[in-house]
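Enquirer: The task is simple: from the sequences and hints, build the whole structure.
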Amino acid sequence: MSGNEIVTDVVIIGAGPVGLFAVFELGLVDLKCHVIDILDRPGGQCAELYPEKPIYDIPAFPEISGQGLTDNLMKQIQPFGAEFHFNQMVTNCEKLEDGSFRVTTDADEVFLTKVIVVAAGGGSFQPKRPPVEDVEQYENKSVFYAVRKMDDFRDQDLVIVGGGDSALDWTLNLEPLARSLTLVHRRDQFRGHADSVNKMRALVEEGKINFITGQLGRLEGENGQLTEVYLKTAGGELGVPATRLLPFFGLTMKLGPVADWGLDLHENALIKVDTERFETSVPGIFAIGDINWYPGKLKLILSGFHEGALMSQAAKRIVHPDEKIVFQYTTSSSKLQKKLGVA
Amino acid sequence: MRIFVTDQDGTEHELEALEGWRVMEVIRDWGLNIKAECGGSCACATCHVFVDPEWQDKLNPPTDEEEDMLDSVADYEANSRLSCQILMSEELDGLRVTLADSARQEEAA
Ligand SMILES: Cc1cc2nc3c(=O)[nH]c(=O)nc-3n(C[C@H](O)[C@H](O)[C@H](O)COP(=O)(O)OP(=O)(O)OC[C@H]3O[C@@H](n4cnc5c(N)ncnc54)[C@H](O)[C@@H]3O)c2cc1C
Ligand code: FES
Numbered sequence: 001m002s003g004n005e006i007v008t009d010v011v012i013i014g015a016g017p018v019g020l021f022a023v024f025e026l027g028l029v030d031l032k033c034h035v036i037d038i039l040d041r042p043g044g045q046c047a048e049l050y051p052e053k054p055i056y057d058i059p060a061f062p063e064i065s066g067q068g069l070t071d072n073l074m075k076q077i078q079p080f081g082a083e084f085h086f087n088q089m090v091t092n093c094e095k096l097e098d099g100s101f102r103v104t105t106d107a108d109e110v111f112l113t114k115v116i117v118v119a120a121g122g123g124s125f126q127p128k129r130p131p132v133e134d135v136e137q138y139e140n141k142s143v144f145y146a147v148r149k150m151d152d153f154r155d156q157d158l159v160i161v162g163g164g165d166s167a168l169d170w171t172l173n174l175e176p177l178a179r180s181l182t183l184v185h186r187r188d189q190f191r192g193h194a195d196s197v198n199k200m201r202a203l204v205e206e207g208k209i210n211f212i213t214g215q216l217g218r219l220e221g222e223n224g225q226l227t228e229v230y231l232k233t234a235g236g237e238l239g240v241p242a243t244r245l246l247p248f249f250g251l252t253m254k255l256g257p258v259a260d261w262g263l264d265l266h267e268n269a270l271i272k273v274d275t276e277r278f279e280t281s282v283p284g285i286f287a288i289g290d291i292n293w294y295p296g297k298l299k300l301i302l303s304g305f306h307e308g309a310l311m312s313q314a315a316k317r318i319v320h321p322d323e324k325i326v327f328q329y330t331t332s333s334s335k336l337q338k339k340l341g342v343a
Numbered sequence: 001m002r003i004f005v006t007d008q009d010g011t012e013h014e015l016e017a018l019e020g021w022r023v024m025e026v027i028r029d030w031g032l033n034i035k036a037e038c039g040g041s042c043a044c045a046t047c048h049v050f051v052d053p054e055w056q057d058k059l060n061p062p063t064d065e066e067e068d069m070l071d072s073v074a075d076y077e078a079n080s081r082l083s084c085q086i087l088m089s090e091e092l093d094g095l096r097v098t099l100a101d102s103a104r105q106e107e108a109a
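Residue numbers (full-length UniProt numbering), protein chains in the order written: chain A, 1 to 343; chain B, 1 to 109.
Careful, some of the hints might be misleading.
[As the list claims (entries may be wrong)] Label-pair ranges, simulated between beta-carbon atoms:
1) Asn-33(B) x Pro-127(A): 42 to 48 Å
2) Asp-101(B) x Asn-4(A): 40 to 46 Å
3) Asn-140(A) x Gly-39(B): 28 to 34 Å
4) Asp-52(B) x Lys-208(A): 40 to 46 Å
5) Pro-127(A) x Gly-39(B): 20 to 26 Å
6) His-13(B) x Pro-127(A): 43 to 49 Å
7) Pro-51(A) x Pro-53(B): 33 to 39 Å
8) Asp-93(B) x Gln-88(A): 49 to 55 Å
9) Asn-4(A) x Glu-16(B): 55 to 61 Å
10) Asn-87(A) x Asp-101(B): 28 to 34 Å
11) Arg-179(A) x Asp-101(B): 40 to 46 Å
12) Gly-20(B) x Lys-338(A): 50 to 56 Å
13) Asp-101(B) x Met-150(A): 30 to 36 Å
14) Glu-16(B) x Met-150(A): 28 to 34 Å
It should be emphasised that the hints constitute simulated quantities derived from the structure, not laboratory data.
The model shown is predicted, which means the values in this text are computed figures rather than measured ones.
Ideal placement from N, C-alpha and C gives every residue a C-beta, glycine not left out.
Expert: Here is the structure:
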């Protein structure tokens with residue numbers, strides 16, 4: 001989509017619960033939002049780390065699961081027609097002469113926006129890297145943490161490491177393409193769907209793939225091109241020819257590119273804001289939810305919702321400086337109800 | 001009650017622990033390098049420790065949930081455990097563990 005700039009009032013970085021509720025509060029003051037997230041769906045930590053676990057401290061919900069909260073928020077913000085851009089990470093932010101911003105993602109989408117709301121939570125989820133020497137030198141050449149193009153694996157000697165759904169799914173999907181495929185896991189038990197496990201075991205029995213219980217030991221290759229991986233197994237070190245390696249150890253969070261935008265930080269990890277507007281040291285850039293810091297900050301969903309409400313008032317003044325803001329309740333204001341599609 | 005924790009640089013720390021606390025919480029509250037990203041919900045594996053072999057049998061065996069999470073530590077060893085799943089009790093007074101590299105706040109370069 002490069003070349004087509006998207007013009008908007010607000011770009012929200014992060015579709016976690018706090019970013020989602022910000023769409024609601026910004027919508028009530030007529031601001032249009034685009035929401036960007038690295039993950040492939042909304043919900044942030046709630047959807048990625050604990051979809052099934054109950055949360056007990058959301059006001060008026062004695063109990064709700066991480067996924068349930070996400071689904072409800074999506075329903076609540078639906079009237080405001082925010083546009084979502086998943087599977088991409090915001091990498092750059094540049095302040096333009098007129099005070100607005102140019103925001104770019106790693107998928108080359110470009111946004112021109114008057115306000116940025118950083119709701120990036122614990123940071124960006126990034127794949128866990130295996131602790132083998134020199135793995136960096138092979139990354140994106142012959143070691144990948146995700147499959148973007150299946151064709152990159154055609155006629156390759158492929159080693160997949162892991163015991164979850166990603167490892168199993170890609171074993172099944174890439175088996176027909178790869179020259180050889182070896183699945184490696186620390187134990188002979190898998191936490192993926194039973195159906196995938198059965199299919200994988202059938203392939204092993206037919207001799208189409210290898211399964212080895214063990215762990216990554218070291219890599220061998222040159223100029224980023226793997227030739228062999230050595231595994232630690234109960235029977236000692238074992239070499240397997242490999243031209244492609246896919247390690248699947250799940251995700252972990254890092255502050256990521258936002259750290260380099262020149263915003264004042266707290267302990268190098270959180271973005272400092274004031275408690276009236278939740279604005280950062282750069283006017284026009286706000287930070288709400290787990291990513292921000294101020295004296296007394298609590299990393300609770302509840303606090304993030306409050307921060308979003310106050311932030312929206314300040315954002316409104318930036319986008320529409322001439323409009324008067326009238327304080328209204330959703331229960332009694334027919335104007336607000338029209339926006340919500342209920343009047 | 002105390003526990004002995006060796007950090008990623010090989011330094012041993014003697015930490016005071018309280019009954020009923022998770023070992024992860026003790027390590028975190030004393031300021032050692034532990035990420036514990038999910039706050040103890042057995043959902044991140046960034047509280048990974050190696051348990052001294054002499055103590056391994058004194059711990060409750062890992063639940064299925066913990067075993068599943070242990071699949072996502074890349075530096076797994078036979079004595080790997082998630083420290084948020086170990087509750088302090090009288091029997092564990094003197095427990096010895098070593099913090100794994102994969103528990104670092106900023107992953108090792
Ligand atoms: C196991 C567990 C239990 C919890 N229980 C509770 C509880 O009971 N009550 C409670 O109030 N809180 C609880 N929390 C905390 C709560 O989940 C967080 O406070 C909340 O998720 C913060 O929301 P957020 O929207 O600020 O950030 P997050 O949920 O972290 O979402 C941030 C989103 O931003 C995205 N992102 C980051 N950087 C970028 C970038 N550069 N480009 C694009 N996207 C980016 C991420 O992919 C992520 O989806 C719990 C947390 C965990 C892990
Ligand atoms: S703190 Fe996350 S699994 Fe222990």
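Enquirer: Evaluate each hint against the coordinates.
Expert: Hints, one by one, checked against the model:
1. In this structure, Asn-33(B) and Pro-127(A) break the distance hint of 42 to 48 Å, their C-beta atoms being roughly 21 Å apart.
2. Checked against the given bound of 40 to 46 Å, the beta carbons of Asp-101(B) and Asn-4(A), roughly 44 Å apart, stay inside it.
3. Taking the beta carbon of each, Asn-140(A) and Gly-39(B) are about 32 Å apart, inside 28 to 34 Å as hinted.
4. At about 43 Å, the beta-carbon gap between Asp-52(B) and Lys-208(A) stays in the expected band of 40 to 46 Å.
5. One distance hint, 20 to 26 Å for the beta-carbon pair Pro-127(A) and Gly-39(B), holds here, with the actual separation near 21 Å.
6. Remark: the range hint 43 to 49 Å for His-13(B) to Pro-127(A) is contradicted by a beta-carbon distance near 31 Å.
7. Taking 33 to 39 Å as the suggested C-beta distance range, the pair Pro-51(A) and Pro-53(B) conforms, at roughly 36 Å.
8. Restraint check, Asp-93(B) to Gln-88(A): a C-beta distance of roughly 50 Å satisfies the suggested window 49 to 55 Å.
9. For Asn-4(A) and Glu-16(B), the Cβ-Cβ distance of about 60 Å falls inside the hinted range of 55 to 61 Å, so the restraint holds.
10. The beta-carbon spacing between Asn-87(A) and Asp-101(B), approximately 29 Å, falls within the hinted interval of 28 to 34 Å.
11. As the Cβ distance of Arg-179(A) to Asp-101(B) is approximately 33 Å, the hint placing it in 40 to 46 Å is violated.
12. Against the hinted window of 50 to 56 Å, the Cβ-Cβ separation of Gly-20(B) and Lys-338(A) comes to about 54 Å, which satisfies the hint.
13. At roughly 32 Å, the beta carbons of Asp-101(B) and Met-150(A) sit within the given window of 30 to 36 Å.
14. For Glu-16(B) and Met-150(A), the hinted distance range of 28 to 34 Å is not satisfied, since their beta carbons lie about 54 Å from each other.
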